[in-house]
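Peer 1: Chain order of the listed sequences is A and B. Position 13 of the first sequence, counting from 1, maps to 13 under the working numbering, and the rest follow consecutively. Position 87 of the second sequence, counting from 1, maps to 87 under the working numbering, and the rest follow consecutively.
Hints listed in this document are in silico derivations from the structure and should not be mistaken for laboratory results. Fair warning: this is a prediction, and the values are worked out from it, not measured in the lab. Glycine included, every Cβ here is placed at the ideal spot set by N, Cα and C.
Partner residues are not named here, just some residues of chain B that face chain A (Cβ under 7 Å, in silico): (1) Gly100; (2) Ala106; (3) Phe107; (4) Phe108; (5) Gly110; (6) Ala114; (7) Val116; (8) Asp123.
Output of the computed footprint for chain B on chain A, the stretches with three or more beta carbons under 8 Å from beta carbons of chain B: (9) 36-43; (10) 60-71; (11) 118-126.
Just a sample of chain A residues kept apart from chain B, beta carbon distances all over 10 Å, derived: (12) Gln7; (13) Ala78; (14) Tyr90; (15) Asp92; (16) Pro129; (17) Glu131; (18) Ser132.
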Amino acid sequence: MLGTEPQVVQEYVQTGKVKLIFWPVLNHNEPSVYATLTAHCVGRQDPDKFWDVHEILFTNQGDLWRADRDYFVNTAIAAGADQAAFELCYDDQGALAEVLSLDDIRLQRGIAGQPMFDIAGTVYGGAPPFESFAEVLDASLQTAAE
Amino acid sequence: MKRLLVASFGLILLFGACSADQPLPEAAASSPTAKSVALDSAPSTATPFHTVVPLSTPAPSTPLPTVGPVDEPVAIDEPATLTPPPSPTREPDPPQVISGQTAEGAFFLGDPQAPVTVIDYSDFL
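Only chain B is shown next, with the shape it has when bound in the complex (with noise of 0.2 Å):
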């Protein structure tokens, strides 16, 4: 009867160091994907520790725009047409007007370069 007793009482103190609280094992080291969210919510909705949140998922992106079929030709706005800027028009040169003497001694007026000449014989008198 003692040792019933004794087995008995053994066997409680055993199942009551299996029911205590286990101490938290250390986080594991974070790897360089994980991330670790801090938790301060209702332990409801806590997140393990452990799961690795997932980083943000992308938007969901954007359709592409549907292409007709590939026979039918897709209207493609045409750039406008760069005409270039017209070149300056460059304004003839002006005519040189000048007085002078020929190699003779007569005086002379106008442009020594005027496609036509006139010798005026005339008398003051």
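Bound-form chain A, shown alone (with noise of 0.2 Å):
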């Protein structure tokens, strides 16, 4: 959701009305696997680092197909997180096993393809422009409001 993502998190995320989840779906095998390892791992040391991460490869999302230990590990690196730590997390089974269940709580949510939306519990799909969003988001805040 990278697209239209900045926009919602500036005038939504970031004004306190939304509270965004980033819930990831691994419908790509190992690729889509170690690239939310490496996201999680370093949000572990820096929550904060996990965005920065999530923007990193969604621009570069190009080359994760062919991504392997040492891109994921320079990736972290870049984000600022501490090396040693990182490679510790990322060869850990416990990380691992907190990615993939993830991914099963989704599917027992009945989420299948990707991007999903779950937006005050209701379900979209697909990857609207901004204002579909945002039409969505103040009907949202106006049932919340009331």
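Could you fit the two chains together into a complex? Lean on the hints.
Peer 2: Below is the structure:
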């Protein structure tokens, strides 16, 4: 959701109107798994840096199909993560289990494709333009205020 | 004749004693209310000592403003109505935008108390 996400973050998240949760969907086997693991291990060191890596991975999405461990380690370092701590996490089965667990939960919720957006309990599919997002968000905010 | 001369001489002595300057009687003890005034002016303007100079008379009082008939309302300047100062408007608390993890381990961004939650189910690929 990199296309409209920056604007949604600026106008709705930073203003306190929306809490945004990124829920990983692992529909592309190991590249999906290790890209998500990279973001999670960086986020464990600093949750703010999760969103930095999130943006880096989506911006370089085309590289992820061929990415190896070194690529993800360099990505973590570029985001400001401690290399040793990251590698410890990246190689840890516990962190991998957590990522896989999140994927199981979304399947249990009936989330099959991506991207999918649960906005105040209603699930929307696709990647609509910002205006469509704003319309739904505004309606949800109004409902929440009543 | 001799007796007449002696009597006359006595009378003369008697009249002379009466006309002599009498010593001034002592001044009466000043009462708390009396105020003696020093006499330094000419005898013709001197105030006799036994006269108590009255206390300074009060200045004539300023005449009170006349008030119109009772049945006529007297215009009274209404005091300016005091309006309480506006209570300082309290700025709303700024949103607490933070990053963190949910109980399940997913990462979130925003105010945990935000009225709307959006879950972005996405794959990095």
